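Generate coordinates for the entire structure from the input sequences, incorporating the hints supplied.
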Amino acid sequence: MMLSPGEQVTLTYPDCTLVESLARLRRRRIVVKHVRDLVADPLTPAEYLRRPLVRRSRWLITGFDQDRQSWRQFYLGSTREFASPGFLRAAVYRVGESQPFDLISRPFGPSKLERRVLARVIDR
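Taking the working numbering, the leading residue of the sequence shown gets 17, the next gets one more, and so forth.
Check the hints yourself; a few may be wrong.
[Stated by the list, open to error] Derived Cβ-Cβ restraints for the label pairs, each shown as a range:
#: 1; residue 1: W87; residue 2: R136; range: 16 to 22 Å
#: 2; residue 1: D83; residue 2: V108; range: 39 to 45 Å
#: 3; residue 1: L69; residue 2: R40; range: 29 to 35 Å
#: 4; residue 1: S20; residue 2: S114; range: 30 to 36 Å
#: 5; residue 1: M18; residue 2: A107; range: 19 to 25 Å
#: 6; residue 1: E36; residue 2: I120; range: 24 to 30 Å
By construction, these hints were calculated from the structure, which means they are not laboratory data.
Just so we're clear, the structure is a prediction, and the values are computed from it rather than from any experiment.
Using N, Cα and C, we set each Cβ at its ideal position, and we do this for glycine too.
This is how it looks when you write it as structure tokens:
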């Protein structure tokens, strides 16, 4: 991963991270606390279903936003610097393994309709 805990980084991040939103981008100065690779450490069904319409990507950064003076989470794929399309899939993982045992869905795109369909797949 290109970012490490303790590193300070400036990111251009949207005000609103909902899929299909046209948000303004703002410069954020972040001190990285934790980097989560969602392939090796995927979201649980409960984590996804809590906010299914958030624009997500592989890398989730937890860090201190120096301008807002608060702890926040940032999906790197939503930044201008590390932009990615944000396709998601559901997979089955074996306990203790960091790679999926089986992909059980097609890729779901970054739209409200696609994220709602993925939520129904996960909720089954």
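Consistency of the hints with the structure:
1. At about 32 Å, the CB distance of W87 to R136 disagrees with the hint of 16 to 22 Å.
2. Range check, D83 to V108: Cβ separation about 40 Å, and the 39 to 45 Å hint holds.
3. In this structure, L69 and R40 break the distance hint of 29 to 35 Å, their C-beta atoms being roughly 18 Å apart.
4. For S20 paired with S114, a C-beta distance near 18 Å fails the hint of 30 to 36 Å.
5. In this structure the supplied range 19 to 25 Å holds for M18 paired with A107, their Cβ-Cβ distance being about 24 Å.
6. Between E36 and I120 the C-beta distance comes to about 25 Å, which sits within the given range of 24 to 30 Å.
Of the numbered hints stated above, those contradicted by the structure are hints 1, 3, 4, listed in ascending order.
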